[in-house]
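A.B. asks: Start from chain A and add chain B according to the hints.
Here the protein sequences line up with chains A and B, keeping their order. So the number in the numbering used here is just where the residue sits in the first sequence, counting from 1, plus 2. So the number in the numbering used here is just where the residue sits in the second sequence, counting from 1, plus 2.
It is worth saying that the hints were derived from the structure and are not from the lab. There could be a bad hint or two in this list.
Any copy, or any two copies together, can satisfy a pair, since identical chains are not distinguished.
Simulated pairs of lysine-lysine, DSSO-like, Cα-Cα distance not exceeding 30 Å [as the list claims (entries may be wrong)]: (1) Lys516 with Lys214; (2) Lys145 with Lys33; (3) Lys317 with Lys214; (4) Lys502 with Lys33; (5) Lys342 with Lys242; (6) Lys494 with Lys347; (7) Lys58 with Lys322; (8) Lys291 with Lys19; (9) Lys218 with Lys361; (10) Lys218 with Lys511; (11) Lys202 with Lys8; (12) Lys291 with Lys100; (13) Lys44 with Lys88; (14) Lys494 with Lys356; (15) Lys31 with Lys338.
Protein chains: 2
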Amino acid sequence: MKNLVKIKRALISVSDKSSLNKILSTLSKYKIEIISSGGTFKKIERLGYKSTEISKFTNCTEMLNGRVKTLHPKIHAGILNIRKNKKHQSDLKKNNYKNIDLVIVNFYPFENTIQKTKNFNKIIENIDIGGPTLVRAAAKNFKDVAIITSPNNYETFIHQMNILKGSTTLQFREQMASYAFNEIANYDSIIANCLNNKFKNFFPHKKTFSGKLIEKLRYGENPHQNAALYSELDNFSLKKIHGKPLSFNNYNDIFYGLSISKLLKKNAGTVIIKHANPSGVSESKDQIKSFNSAFNCDPISAFGGVISCNYEIDKKLANKINDFFFEVVIAKGFKKDALKILKKKKNLRLIDAKNFNNKSNFSLLFNNNTFLYQSSDSLDFNKKNFEIVSKTKPSKNQMDDLIFAFNICKFVRSNAIVICKNKSTLGIGAGQPSRLDSCKIAIEKANTFRPLIIENSVAASDAFFPFPDGPEKLIQAGVSSIIQPRGSIRDKEIIKLANKTKTVLVFSKTRHFKH
Amino acid sequence: MKNLVKIKRALISVSDKSSLNKILSTLSKYKIEIISSGGTFKKIERLGYKSTEISKFTNCTEMLNGRVKTLHPKIHAGILNIRKNKKHQSDLKKNNYKNIDLVIVNFYPFENTIQKTKNFNKIIENIDIGGPTLVRAAAKNFKDVAIITSPNNYETFIHQMNILKGSTTLQFREQMASYAFNEIANYDSIIANCLNNKFKNFFPHKKTFSGKLIEKLRYGENPHQNAALYSELDNFSLKKIHGKPLSFNNYNDIFYGLSISKLLKKNAGTVIIKHANPSGVSESKDQIKSFNSAFNCDPISAFGGVISCNYEIDKKLANKINDFFFEVVIAKGFKKDALKILKKKKNLRLIDAKNFNNKSNFSLLFNNNTFLYQSSDSLDFNKKNFEIVSKTKPSKNQMDDLIFAFNICKFVRSNAIVICKNKSTLGIGAGQPSRLDSCKIAIEKANTFRPLIIENSVAASDAFFPFPDGPEKLIQAGVSSIIQPRGSIRDKEIIKLANKTKTVLVFSKTRHFKH
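Extracted from the complex, chain A is given alone in its bound form (with noise of 0.2 Å):
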């Protein structure tokens, strides 16, 4: 086989000293010779093998309290040189260098230790100098060294070196020459964003994500798409319990349901999402009033749609969803014998969501090798910032109500209309590029299913109505409260629209566009 290399000098230097007996006994089996550093050294020592000390492979001893240990000449001249470079070996040569031919290397914990501590110093000393570089040099010259850095890739090291008795291929090389870069990368991106956000640096001039892979999905938005889903933290706190694997739309739906579930009232609420759209939204502490109030807003978009519970589901409401079809349910929690009702269905995935409590304090819209980046519309609404601007005054109902709508037109995609009674979804009008077809859809959909309550409902509008063509609509299907921005030169008329036929008219002054 071509490109085989013979590993005869390994240096490991590892933060995680997890399944270290493992490697340990396939490298000692193929007589390879070990370098290590403190922590590292000791523990190999107490696992019953040899290994040199760095500081007496480089006759120089650890300085700083651990801060310069590998950073040495004859380490790095040992990983970079090029085999088959003539001046790369005689410059080693000269200097009496050796070859070190496999790099195990983990980081000091930095991620863990932001998660765990606020003690800026003790978080910067985390930031791990001498690692990174190890596995950059390694990486790089991957054509004669392998570099591993996560125990994940122990297992197919040693298959791979008993396999070729002490070598490994060019393509095993390869593939951990590019895992170590994506390692690096996140790592520094963790501590790139960690600095921005300690020294309010929030648009720095190169900015970078990162994710750890949750899951490789079966396909992306369409067949043809290759799909898989990233998490930015270290725990994805969803748990599917039941049912076929997610698809892409279903977390992409999923998300969405999660984000309105969590501005509801606590244990109160019930949310379903179809095509990235809330199709209904209700809050009561009655689970089956919550749950039928949400699917009345529209039955017929409901079908096959995601149903996000912020509450623990019970036996009586398990009952009522398996009488409809839905591909998701997600919930805090599931009562033994709902689950038990529930798993009947081979097709439902259930989603236990207890423990999520993901929080973005930004959001991204990639398009065309562009990001837009923004800070998360997460304002906080209080009663006080708004302005009644009509002759009619809100009763205490009328004012929840408002704020319930205008809340859930902060997740409808603009332009967006949504009309609601009793903190109950009646009408929800998306995505239109003119904001009168949202208010039509809305009413459309108020009047085929709820048209017994739609009087006296409430209505809110994302951003400001252009014209007051709009709230007429509104008013003439039975909207008798209506919230929104304010910011057109034709607010008056509205104003005066509103005055005329008694109308409630509340201004948010904040607007709540989504694309």
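C.D. replies: Just chain B now, kept in the frame of chain A:
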């Protein structure tokens, strides 16, 4: 002032040697000793300043054609020691090492190299090892050391030095450390993704993305959000040649517009975008005809929209455009007299996209600290892949219109229904949880604005029709050819309906969800 650090010794190793003289004169003014490497050393000499070569400083010759220069404990202890730490200071003294208080380093031009060559050895050689180590070490020790990674920061540095007579503030060093880690993370993210592509590691365990700041924006999708535009590529090829700064929502619509424009026949396509959905699209070699058809699809929604023309705008069209209110006009250039006319409108933004050829091979959806990462929906259509399943066969014109309509579907939020005729949209139904509703919206648009030509039009659906009700409505409205992926258990009923009504029915076998 607290935490000022006086600079006595600087290490300089720069790939970008621009503006070096400015820095050198400042360093010389404050009698700062300089250590430098190969190319930088020569340049410093040529500029008439003195410096010590790193190999002399470390007493260790440069090795492996420059692969090992600065990876030496004398350098890194000089950078990394904590000046207040007694143990560190005694370590330093013992070895007779000296402090390095300023590090000015930028990296081998990796990104530039991958843009210029496909020679993989050359690419690999441009992975800088020593540079990033110096930068990471200096940035980690920002309490004592100043790190400068870009000539963009020379001015601030020089200003600081002059005011503080050779010292820097902690705040400055913190900012520079944060810049440095952004620089590193970006550099390694580009390397990681280059290796991922080369070694076909498309969904690595850790995935990093990065971009360069193009523009801080006045605000985000809404006024209470902060935002900026970033580009993955080094050169951002859109050129604003007139008008106020672009907003977040402008940019979003611009990228949508350009994506659609790219798909249309060269020098023949007009797209109007509103709220991240096309409100009209048309293909014709006659600019006025192309514009009129796109505009007339929904003249109300076009108000305040973004026009994207994949041709050079002439005087006649400029006059036409000025009859209406648009926020942005994008074109493949503007004739001189056209530009003069359009510039009369102060608030109209004009974008020259002549050099725009961005092409993402992936897309990302961010939500709640997660991201869904997928390959782009960039399938090339081929008539041969389509299956004509109705007895009535399409004419060449119908087939062309079907393909046109189906391609537009790709850019319309799901569920998407697009009615077309003569390579122009007549009605677009976007973003509805129910496919039937999207049909109704598309039909209503066509009936409202293009009632005279809806007869014998074609319709495309981004995903399969679950029931025959959607096609039924379309056929009743005048549609005589329909394209859709197939896949419903009721496909046969829909074929039957097509045959009964002598409608052309084509299965694309491809889905185009977009959320």
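A.B. asks: With identical chains, the pair Lys502 and Lys33 could be close in the same copy or across copies; at 30 Å between alpha carbons, which is it: within, between, both, or neither?
C.D. replies: neither (93 Å within a copy, 79 Å between copies)
A.B. asks: Under a CA distance limit of 30 Å, which applies to Lys58 and Lys322: within one copy, between copies, both, or neither?
C.D. replies: Answer is neither; intra-copy 72 Å and inter-copy 81 Å both fail.
A.B. asks: Using 30 Å as the alpha-carbon threshold, which applies to Lys218 and Lys511: within, between, both, or neither?
C.D. replies: between (42 Å within a copy, 24 Å between copies)
A.B. asks: At most 30 Å between C-alpha atoms: does Lys291 with Lys100 qualify within a copy, between copies, both, or neither?
C.D. replies: Answer is neither; intra-copy 75 Å and inter-copy 74 Å both fail.
A.B. asks: For the identical chains here, do Lys342 and Lys242 meet the 30 Å Cα criterion within one copy, between copies, both, or neither?
C.D. replies: within (15 Å within a copy, 61 Å between copies)
A.B. asks: Should Lys317 paired with Lys214 be assigned to within, between, both, or neither, using CA atoms and 30 Å as the limit?
C.D. replies: neither (36 Å within a copy, 53 Å between copies)
A.B. asks: For the identical chains here, do Lys218 and Lys361 meet the 30 Å Cα criterion within one copy, between copies, both, or neither?
C.D. replies: Classified as both; 23 Å inside a copy, 24 Å across copies.
A.B. asks: Under a CA distance limit of 30 Å, which applies to Lys202 and Lys8: within one copy, between copies, both, or neither?
C.D. replies: Answer is between: at 25 Å across copies they meet the 30 Å cutoff, but 49 Å inside does not.
A.B. asks: Treating 30 Å as the Cα threshold, decide for Lys145 and Lys33: within, between, both or neither.
C.D. replies: The answer is within: 22 Å in one copy meets 30 Å, while 45 Å across copies does not.
A.B. asks: First find the shortest C-alpha distance between Lys291 and Lys19 inside one copy, then the shortest across copies, and answer within, between, both or neither for a cut-off of 30 Å.
C.D. replies: neither (53 Å within a copy, 70 Å between copies)
A.B. asks: With identical chains treated as interchangeable, where does the CA-CA distance between Lys516 and Lys214 reach 30 Å or less: within a copy, between copies, both, or neither?
C.D. replies: both (27 Å within a copy, 24 Å between copies)
A.B. asks: Is it within, between, both or neither when you check Lys494 against Lys347 at 30 Å Cα-Cα?
C.D. replies: between (55 Å within a copy, 27 Å between copies)
Taken one by one, the earlier hints fail for this structure at numbers 3, 4, 7, 8, 12, 14, 15, listed in ascending order.
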